[in-house]
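Asks: One letter stands for each residue in the lines below.
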Amino acid sequence: MLDFFWTSREKKFATGFFAAYLIFFLIIILASDTKNIFSDTIYVFSAFIAFLSGIYTLYFYGINNPRGRVLLYISSGLLLWFIAESIWVFLDFFSFEKPYPSIADAFFILAYPLFFIGLIKEARIGKINWKSNRLIPLISTASVLGLIVFYFGIYAAYDPAADALSNLFSIFYGIGDLFLILVGVIILSLAMDYKKGKLFVPWLSIMLGFLSILVADIFFSIYEESYIEGVGSIIKIDLLWTLGYLLIGYGLTLIGLSLKEMRNKLIENIKKRKRPTK
Amino acid sequence: MNQIEKIDNETNKKSLIEEACKIVYLNFGSGTAQLYRAGLKDKADEEILISLEESLAELIGPEKAQLEIKDLKNKA
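Top to bottom, those sequences are chains A and B.
Okay, so the first sequence: first residue is 1 according to this note's numbering, each after it adds one.
Okay, so the second sequence: first residue is 1001 according to this note's numbering, each after it adds one.
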């Protein structure tokens, strides 16, 4: 499976780029005790990279292609998250307003249904094989994660001392994270269906990306106030969000590069086949 | 081969090509599907199926590729 990352010069470059970006951000975040504009810019830009990766792969499918439309939904969701992250950073560093709750949250929340719709469409096109020996462990894992998210993201997120808007956003995030769990289950089933194919690793990467974002969201809902103050080790959860964006972006890039590789092979394959002589 | 059999074969061949191109369109994208269709000229059914299954298996895995080819044979 490790050979997959090196089958073309472009894949080597993509693997190197995403790995280097993550390591660079890791060094910066570990070296910082407080949130700063530099680390936040690198973090926000990772969301933009994920969005660009979606557009890159959309180019290969085409916008009228059913799978192209799946990529359009996913890329649109990533664009909304990039806008949300940018607004957050702007409010945090350049205005006197608290970044949470704010208009940024509307963009964060709107992205969730787009991811969900895109992946449901992909599940229908791809005709996922919901095998029972796979379904039971998936549902069990999803249920455990769902309970954790429900407790920390919805039940414990409600604060009677906070204003209605804060509570509303907190609960919407919890619901959004429950969507993410469903999304994760769908993507994992897709990835398992593509076992031994070039699309296995990319979809696995995308699933791990959403999982990383889900874990970061859980930590945020537990340590919300400390995170907004911007001090302490809790700010390191930016690493999980960045990891999430980069894994999603990497997976989308690999889908595009795999299509590019296979396009050439498919055409060569059909051209070289000669009509058998009778 | 009589005239009716010839027309039947050509119709079946066209529908096999159409279904194969649909699969390529869905899995490899629109640009690839156009190039693929151009390359199918004068290819036997068996060649089309084998080459498509090989390429699909590499992209989406052998199990899904087999299912797609089975679906194609049922439709064509």
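No lab work stands behind these hints: they were computed from the structure.
Among the hints, a few may not be true.
To be verified - To be clear about the criterion: a stretch of chain A counts as covered by chain B if any three or more of its residues have a C-beta under 8 Å from a C-beta of chain B, and this derived list gives those stretches: (1) 34-48; (2) 168-174.
As the list claims (entries may be wrong) - In silico SDA-like cross-links for lysine to any residue, where the CA-CA straight-line distance does not exceed 25 Å: (3) A:K236 - A:I37; (4) A:K127 - B:N1074; (5) A:K265 - B:S1030; (6) A:K11 - B:L1035.
To be verified - One-sided and incomplete, this derived list gives chain B residues near chain A with beta-carbon spacing under 8 Å: (7) S1015; (8) I1017; (9) C1021; (10) V1024; (11) F1028; (12) Q1034; (13) Y1036; (14) K1043; (15) A1057.
C-beta: ideal position from N, C-alpha, C; glycine also.
Asks: Hints first: check each against the structure and report whether it holds.
Replies: Against the structure, the hints:
1. Under a criterion of three residues with beta carbons nearer than 8 Å to beta carbons of chain B, the stated coverage of the region 34-48 of chain A fails, only 0 such residues being counted.
2. Coverage of the region 168-174 of chain A by chain B is violated. Counting CB-CB distances below 8 Å, 0 residues qualify, and the rule asks for three or more.
3. Only pairs whose Cα atoms come within 25 Å are accepted, and K236 (chain A) paired with I37 (chain A) is accepted, the gap being roughly 14 Å.
4. Taking the CA atoms of K127 (chain A) and N1074 (chain B), the gap is about 16 Å. The hint holds against a cut of 25 Å.
5. Between K265 (chain A) and S1030 (chain B) the CA atoms are separated by roughly 16 Å; this keeps the pair inside 25 Å, and the hint holds.
6. Between K11 (chain A) and L1035 (chain B) the alpha-carbon distance is near 23 Å, which keeps this suggested pair within the 25 Å criterion.
7. For S1015 (chain B), the shortest C-beta to C-beta distance to chain A is roughly 18 Å, which exceeds 8 Å, and the interface hint is violated.
8. Given the 8 Å rule on beta carbons, the hint for I1017 (chain B) is violated: about 11 Å separates it from the nearest Cβ of chain A.
9. A distance limit of 8 Å between C-beta atoms decides the matter here; for C1021 (chain B) the minimum to chain A is near 11 Å, and the interface restraint is violated.
10. With 8 Å as the threshold, the beta carbon of V1024 (chain B) comes within range of chain A, its nearest partner Cβ sitting at about 7 Å, so the hint holds.
11. Interface hint at F1028 (chain B): satisfied, since its Cβ lies 6 Å from the closest Cβ of chain A, which is below the 8 Å cut-off.
12. The beta carbon of Q1034 (chain B) comes no nearer than 10 Å to any beta carbon in chain A, farther than 8 Å, and the hint placing it at the interface is violated.
13. Proximity of Y1036 (chain B) to chain A holds as hinted, the smallest CB-CB distance being about 6 Å (cut-off 8 Å).
14. With its C-beta approaching chain A no nearer than about 6 Å, K1043 (chain B) sits inside the 8 Å limit, and its interface hint holds.
15. The restraint placing A1057 (chain B) at the interface with chain A holds, with a minimum CB-CB distance near 7 Å, inside the 8 Å limit.
Going through the hint list in order, the structure does not satisfy hints 1, 2, 7, 8, 9, 12.
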